[in-house]
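S.K.: The lines below spell out each chain.
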Amino acid sequence: MNDFKMTRRNFGLLAAGVAAASAMPFAARAAAGETAIAATFPGNWEDGYRTVLSPLVKEAGYGLTIAPSMAQDQLAKVMASPGNPAYDTLLMSPGQMAVAIDNDIIQKIDPSRLKNWGMLDPAFQGEYGPTVTIEVNGIAYNPDLVPRPKGYRDLFENPTYSGLVSWTGFGSNTAVMAYTEMAKIFGSGPNDMDAVFKLFKDHPEHLKGVVDSTNHQMTLFQQGEIAVFMCSTGNVARLKSMGLKAEYVAPETGAPAAPVNIHLTKGAKNLDAAYAYMDAAISKAAQDKLKLPPTEMFPTNKDVALTPEIEAYVTREQLGNMVYPDWVAINKNRADWIRQFDALVAG
Amino acid sequence: MKAGGFPYVIPMLLLSVAFFATPLAVLVGYSFTGSEGPTLANYGHFFGDAFNFRVLVNTARLGLETVLATTLLGVPIALLYWHSGKTARQVIIFLTLIPMLTSNVVRTFAWIVILGRQGPISEALLGLGLIGRPMSLMFTELGLVMAMCQIDLPLIILPLVAILSRTPVQYTEAAQVSGAGPWRIFVTVLIPLMLPGLLAGWILVFASTSSSFVTQAVIGGARNVYVPQLIYREVGTLFDWPLASAIAVVLLLSTGCLLVAMTMISRHRRLVGHG
Numbered sequence: 001m002n003d004f005k006m007t008r009r010n011f012g013l014l015a016a017g018v019a020a021a022s023a024m025p026f027a028a029r030a031a032a033g034e035t036a037i038a039a040t041f042p043g044n045w046e047d048g049y050r051t052v053l054s055p056l057v058k059e060a061g062y063g064l065t066i067a068p069s070m071a072q073d074q075l076a077k078v079m080a081s082p083g084n085p086a087y088d089t090l091l092m093s094p095g096q097m098a099v100a101i102d103n104d105i106i107q108k109i110d111p112s113r114l115k116n117w118g119m120l121d122p123a124f125q126g127e128y129g130p131t132v133t134i135e136v137n138g139i140a141y142n143p144d145l146v147p148r149p150k151g152y153r154d155l156f157e158n159p160t161y162s163g164l165v166s167w168t169g170f171g172s173n174t175a176v177m178a179y180t181e182m183a184k185i186f187g188s189g190p191n192d193m194d195a196v197f198k199l200f201k202d203h204p205e206h207l208k209g210v211v212d213s214t215n216h217q218m219t220l221f222q223q224g225e226i227a228v229f230m231c232s233t234g235n236v237a238r239l240k241s242m243g244l245k246a247e248y249v250a251p252e253t254g255a256p257a258a259p260v261n262i263h264l265t266k267g268a269k270n271l272d273a274a275y276a277y278m279d280a281a282i283s284k285a286a287q288d289k290l291k292l293p294p295t296e297m298f299p300t301n302k303d304v305a306l307t308p309e310i311e312a313y314v315t316r317e318q319l320g321n322m323v324y325p326d327w328v329a330i331n332k333n334r335a336d337w338i339r340q341f342d343a344l345v346a347g
Numbered sequence: 001m002k003a004g005g006f007p008y009v010i011p012m013l014l015l016s017v018a019f020f021a022t023p024l025a026v027l028v029g030y031s032f033t034g035s036e037g038p039t040l041a042n043y044g045h046f047f048g049d050a051f052n053f054r055v056l057v058n059t060a061r062l063g064l065e066t067v068l069a070t071t072l073l074g075v076p077i078a079l080l081y082w083h084s085g086k087t088a089r090q091v092i093i094f095l096t097l098i099p100m101l102t103s104n105v106v107r108t109f110a111w112i113v114i115l116g117r118q119g120p121i122s123e124a125l126l127g128l129g130l131i132g133r134p135m136s137l138m139f140t141e142l143g144l145v146m147a148m149c150q151i152d153l154p155l156i157i158l159p160l161v162a163i164l165s166r167t168p169v170q171y172t173e174a175a176q177v178s179g180a181g182p183w184r185i186f187v188t189v190l191i192p193l194m195l196p197g198l199l200a201g202w203i204l205v206f207a208s209t210s211s212s213f214v215t216q217a218v219i220g221g222a223r224n225v226y227v228p229q230l231i232y233r234e235v236g237t238l239f240d241w242p243l244a245s246a247i248a249v250v251l252l253l254s255t256g257c258l259l260v261a262m263t264m265i266s267r268h269r270r271l272v273g274h275g
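Sequences listed follow chains A and B, in order. The first sequence runs 1 to 347 under my numbering. The second sequence runs 1 to 275 under my numbering.
Just chain B, with the same shape it has in the complex (with noise of 0.2 Å):
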């Protein structure tokens, strides 16, 4: 950026001081608060009980599945979108966008009848004699990795597109006539023009999931607990807040360690084709 462009940056930089970084300092110094003054017990709560510490790696855990169950599913709609006509990709697109047309809540609750005793799911594999009675995916993690992952589709379909709308189809064939084969030029082509669009991907699916309140709560049921869970129910059930301000940092630290992780993984020099 030029240097005389500065002045433009300013009222994002004054709405993101008011309404990001103001906030997040009040919660970071809520979380040092007790009732005799500023304290660490919050996180010695916090990391003195192994409950807290599991749900945190569920968090974790369930926030990379999410990834790479969208990145699975994402990434072959994504080259269809490219190999595709005008007239295909509207289509792509427009079936893209239009689940989130639908608010996540019901979206949410519409998986409860796919997953449940007398869901399609249920219904087929009964009808496929795989299993011997109705079966529930309900408050089970597999159900909630698949609903989330159908709720964050779009989130790593509309990078990856922006990415693939402006890149030739033609760089493939070249790799084609250098003698590659199709997964040779997956691998050295095909990632690497992507990998800007998959990390944006990846960051958006990853704080979703992680973050999401609805959908882990209905479909992961009780059993199935995630941070964003424990901290409304130290916020709203337990009021206390110090804790749910230690527990929120630590979400957002846990949760910022993995995306950096994620970033220089996709920035690594093999990896982007400069090895």
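Isolated chain A, as found in the complex (with noise of 0.2 Å):
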């Protein structure tokens, strides 16, 4: 093997080299002028935002650096550093709101500043942020390899479901919705979880297949190693524009929806490059693109048209028959149930 040599000359250059690489981002940043930060959740929504709503942030004259995160992560780095936070707006549900209100980190809007917000309905139009869309929540499952499920208590009742239905821990709050609904099926109501952990004792074989996040289950789904998980329709719309095999199923007890929401983090530095970004988020014109997939996000905006699929999956006057959580209440016991999960699943 040859001896490691380094000049004086060598080292002087990469250390010129480094400096002029890391230098890079900046005045690449400099020249866009003011940009905001906007954390997204990753995959559907990183994409369909980066893709979407950057030409619209940067017609207004701002730039728009989108930040992949989940809702919990976003919180975690936010509360890390309050008053100099990462990102300049956050997006999330109505869980994580409250833990943002409660801990100050999120700030009222001034809804002046948003010059699409009279196209929002009045329930669209929270004090501190508008709602982008409805997530509706249900069942994902491959039609190739298993029948179509009712609901909840099809994937433990029928054997053809064993061993190839994937849930994650309560940190996820796809997961939380349906184990509430599980509350209410197999216990006394939506709080009482004793039920649904009895559930998966008596289940052992639903425990193998928990994996951390949504995202994992999706490439799990992709590689043919699960063939249901409790879903998003927006994850069945990304998983069918790879040309899977997956179709989504309201459960017959009804699906749970969560609003999704951007907020303004307190101490955000680009505020002028914030709201233009949270106004493209409500426009017409982003919103009739992300309405198609592979987003297919419900839209928020009166005046955009829900397409066919959409209304496949819940129409504007559905909406008021979805079933919201009581987030109040799963915030108060969330840290418990997710404890007690994590030990059950790790035997």
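Think of the hints as simulated: they come from the structure by calculation, not from any bench. Errors might be hidden in some of the hints.
Claimed, not checked - Cross-link-like lysine to aspartate or glutamate pairs, in silico, EDC-like; alpha carbons within 16 Å at most: (1) A:77 x B:240; (2) A:184 x A:194; (3) A:291 x A:102; (4) A:208 x B:240; (5) A:332 x B:240; (6) A:266 x A:102.
With the hints in hand, could you dock these two chains into one complex?
M.R.: As structure tokens, then:
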């Protein structure tokens, strides 16, 4: 093996190269003007928002950096440095929003700075930020591998599904919404999680399929390792766009749903750009594109017509009939549920 | 080192204090904080729960299993390198380094395909008639050790190659001439020669495996919980940073103890051939 030699000249060139490379992002940022750092969920959201919203924000004279991060991770990062947030805006559901308000890390918005504010139904005009879509949850299944499940009970009582269903822990909103529904079916109410834990204990084959996140489930679904998982309609749209056999089914007991909102962090450094991003996200131009595959996001802008594919999941009239969990109660119990479930899964 | 060389160490020393010792001190300090001031409650909470203790033991076991597996695979490869010509040596180094140019995340996801029901392992076992139906090694400790072994293998091969490339092959020939058999040569000549490289490799592999997050989470699933996932859960999901700090300190101390034990074993007089 040749000896490694570093001359002073080599070292100088290396140091200069490193300095030049590290300065490049700053130069690019300076050229773009004020740029909003917007946290979005990874995967479909990240791709959709980067593709659709970045040009609209640029038209408004600002830059947009999409930073993929799960809602809980967004909270953790912003709580780690209060007053100096890692993001200008957050994207989250009411469960995390309640935590964010309690911890004083998001601020009320000024609706007069959003041109498209009036295009939203009053239900979507939150004082802490606009609702950009409603995520409708349910069960994703592979029709080539398993029959269409009727609901949660079917997954436990029909042996066809044994070993093919995947679940996640209580850190995931999708999972929590499914478990609260299961607590209603198998227990005395949405917070009777002991009934859900007992259900898993009685069906240990379901514990083998517990993974860390919905993203991991999508990968496993793609590889044919699992055939059923708890999902949003967006997850199924994403799988379908990749040419996979995936179908959505609303559980017979009702489909849980959660609004997804954009929030402005306290101490956000790029306020103008953040407002431009929020305005773009609720604009007709953006939502007309985001309602199409592979994102298929339910539009909250009144002027945007629903596609037949979205109407197959839910219509505007049906929105009121969705199951909206009690996030205050969930947040109160969530830490305990997470610890209990993790211990149960690990055996 | 000569006494006059100390000024040259100062920049490294300052960097270590600023970017390692200080954050570590903050972490340790944080692990003793509670809502009502300094407390040992975080450590009490960790050790008071049998689940946490089991996770700690599982993490150490995963590290040791991976060290064993990488050693069993890495030593023959390093010896092959030692006995090879120039071109073969370049090929071995290239093949060792090439996986390191790929992201750990990509390598981990590739293992999903390999370990899955329709992967080559399952297909091969089915083809050989050793199993009756497709099997998956996903979410099993065996599957995780296999993936970690492939990911961390360069960490043990490279230090071994560095040591052996400076060692004349004639050492083994001299032992042969003196009448030593292959196993005696391996135990009394090769192991003592390779020991510094093995020690470096063991430390790197153990530290990498026990602190790995992505591979543990994806391949191990939620059933196989290890300390990094526990820390992530406390920070990212439960926002209990003092407890997360306490777990991190416990991980640091427990892995540190194992590494010290490995070092002491490798310096044992009989093992290094001075007994």
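S.K.: State for each hint whether it applies.
M.R.: Tested hints:
1. A:77 x B:240: Judged against 16 Å, a Cα distance of about 13 Å means the pair holds.
2. A:184 x A:194: Holds, because 11 Å separates the two Cα atoms, which is no more than 16 Å.
3. A:291 x A:102: With Cα atoms ~32 Å apart, residue 291 (chain A) and residue 102 (chain A) exceed 16 Å; violated.
4. A:208 x B:240: violated (27 Å)
5. A:332 x B:240: Between residue 332 (chain A) and residue 240 (chain B) the Cα gap is close to 15 Å, so the pair holds against 16 Å.
6. A:266 x A:102: holds (13 Å)
In this structure, the earlier hints numbered 3, 4 are contradicted, and the remaining ones agree with it.
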